[in-house]
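J.: Using the hints provided, position chain B relative to the given structure of chain A.
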Amino acid sequence: MSKYSIWVLDYAAVNKFPQSVMLYGPQYVGIRNLPYAYVLIKGQGQVILVDTGYDHKEYGKYLADLYGVSNWHAASEVLAECGVKPADVTTVLITHAHFDHMGGLDLFPNAKFYIQKREIDKWVWALTLGPEFRFLVGAADPADIVKATRLAREGRMIAVDGDLEDVLPGIDLHLAADTHTYGSMYVTVRNDGARESADAFILAGDLIYTYDNLTGLDRNDPQLVPIGLAVGSQSNLMFTSADMLKAVGGEHKRVIPVHEDRLKSVFPSRATAAGLHVVELALADDETSRVA
Amino acid sequence: MSQADPLARYISEAQPLHDLLRRGLIQLSGFLLKRTIAGPRAIVDYEPVETARERIREAAEGLRNLGAPTSAAHHRGHLAAALAALESALVAALSTADRDGDTLFHFVQESERHLRAVGRATPGFETVDLRQACCAMHAGGAPFEAQFAG
Numbered sequence: 001m002s003k004y005s006i007w008v009l010d011y012a013a014v015n016k017f018p019q020s021v022m023l024y025g026p027q028y029v030g031i032r033n034l035p036y037a038y039v040l041i042k043g044q045g046q047v048i049l050v051d052t053g054y055d056h057k058e059y060g061k062y063l064a065d066l067y068g069v070s071n072w073h074a075a076s077e078v079l080a081e082c083g084v085k086p087a088d089v090t091t092v093l094i095t096h097a098h099f100d101h102m103g104g105l106d107l108f109p110n111a112k113f114y115i116q117k118r119e120i121d122k123w124v125w126a127l128t129l130g131p132e133f134r135f136l137v138g139a140a141d142p143a144d145i146v147k148a149t150r151l152a153r154e155g156r157m158i159a160v161d162g163d164l165e166d167v168l169p170g171i172d173l174h175l176a177a178d179t180h181t182y183g184s185m186y187v188t189v190r191n192d193g194a195r196e197s198a199d200a201f202i203l204a205g206d207l208i209y210t211y212d213n214l215t216g217l218d219r220n221d222p223q224l225v226p227i228g229l230a231v232g233s234q235s236n237l238m239f240t241s242a243d244m245l246k247a248v249g250g251e252h253k254r255v256i257p258v259h260e261d262r263l264k265s266v267f268p269s270r271a272t273a274a275g276l277h278v279v280e281l282a283l284a285d286d287e288t289s290r291v292a
Numbered sequence: 001m002s003q004a005d006p007l008a009r010y011i012s013e014a015q016p017l018h019d020l021l022r023r024g025l026i027q028l029s030g031f032l033l034k035r036t037i038a039g040p041r042a043i044v045d046y047e048p049v050e051t052a053r054e055r056i057r058e059a060a061e062g063l064r065n066l067g068a069p070t071s072a073a074h075h076r077g078h079l080a081a082a083l084a085a086l087e088s089a090l091v092a093a094l095s096t097a098d099r100d101g102d103t104l105f106h107f108v109q110e111s112e113r114h115l116r117a118v119g120r121a122t123p124g125f126e127t128v129d130l131r132q133a134c135c136a137m138h139a140g141g142a143p144f145e146a147q148f149a150g
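Order-wise, the sequence lines are chains A and B. In terms of my numbering, the first sequence is residues 1 to 292. In terms of my numbering, the second sequence is residues 1 to 150.
Please keep in mind that the hints were generated in silico from the structure rather than gathered at the bench. Built from N, CA and C at the ideal position, the CB exists for glycine as well. Treat each hint with caution, since some may be false.
[Unchecked claim] Under 8 Å between C-beta atoms, here's a sample of chain B residues computed to sit facing chain A:
(1) 34
(2) 48
(3) 51
[Unchecked claim] Just so you have them, the derived chain A footprint on chain B, three or more residues with Cβ under 8 Å:
(4) 24-30
(5) 100-114
Extracted from the complex, chain A is given alone in its bound form (with noise of 0.2 Å):
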């Protein structure tokens, strides 16, 4: 009985993305496919997203110059694969403020967003520093910073303060404090509605990259490897990942990378005409698969 449908959604990559990046440690050991995507849950009354990708114009064209970024498509078009239009959505829950996870504030005109208060306040913080501290605020777009503001004083940018249980019935904020960024947040989403469910899924954002940071390299000997990149600490991102671990019964697959090239042969997908693909984590019961 699953309450809602869940499907990781590509929407553009970047095909040459350092694996040192992905996982903390060895330098110069090769490349991966790095898609770009969001999480979009279906069910109870409720469209939500997590994360709302970025919009490629502007920042988004430049960044497609600079950084190798291809086959963006537009949230209209990809959430068309499963019959949702950016105007359903009803919540968008960000993970963090990077562009490609909080660019498109603007396209879901109707939606609620979620983002973790230190997320703001650090980001804001850290922007008053001089720009010798400019890693620290990568990505920091004033244009998405007018459109947060825009939304919160509509009462649409709702800062959530630490973890917040229930935000939409059987979904959980997480907040992941000094990790990638200083106010990261993973989501659970329950999916048996049960307080200590049997059926839970983590959308962990960019605490994790790949799979290989809950596992490592070597199956034999399995290890917890943070990613590569945290304005934080790497022993935060491994503590979070042990959480993420064992909210969901130790089952890997269970904790979501959406960056992770890997997901789509792990779950039931289906490559779009596009050439992005469509991963169904999970099907509600009155819900029709949008990948068979």
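T.: This is chain B only, laid out in the frame that chain A set:
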């Protein structure tokens, strides 16, 4: 184009001013965002406003000395308009009369509009620095590691 070219010199000198204005805008936007989500009774941290004041002062000084060839007059006009809007936004941020932030938000939006126009007008003046975006840290140009090289 060489630095002897008036347009090339203009672009070279205008770029840091655009960056200062962008930083001022970020600070004032961030201040208003924090103030909005914190609610009317929260104690407000004015550090972003103080930082913005300094950036705006530097930008104003630079802009006074920035000569523009005819072909760059429109561009310079947007820079000046962005500065004027930011100066008004700064006044609003420090005012006790603008409790709801309406005036501050108006001028923040106005400044952003002009800076976006600047970004569209000239390649290299984009309003955002994406070079350290989390999922774009490999460059088509410099290798990832080079960004951390000393």
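J.: So, as I understand it, the hint says residue 48 of chain B touches chain A; can you test that by seeing if any CB pair is closer than 8 Å?
T.: With a closest approach of 5 Å, the residue 48 of chain B hint holds.
J.: Verify the coverage statement for the segment 100-114 of chain B against chain A, using a C-beta to C-beta distance below 8 Å and requiring 3 or more qualifying residues.
T.: Holds: 5 residues of the segment 100-114 of chain B have a Cβ under 8 Å from chain A.
J.: How about residue 34 of chain B: closest beta carbon in chain A under 8 Å, or not?
T.: holds, 5 Å
J.: Going by Cβ atoms only, is residue 51 of chain B closer than 8 Å to chain A?
T.: Interface hint status for residue 51 of chain B: holds (4 Å vs cutoff 8 Å).
J.: Would you say the segment 24-30 of chain B counts as covered by chain A, given the rule of at least 3 residues with C-beta under 8 Å?
T.: holds (count 5)
The structure fails none of the hints (numbered hints given earlier).
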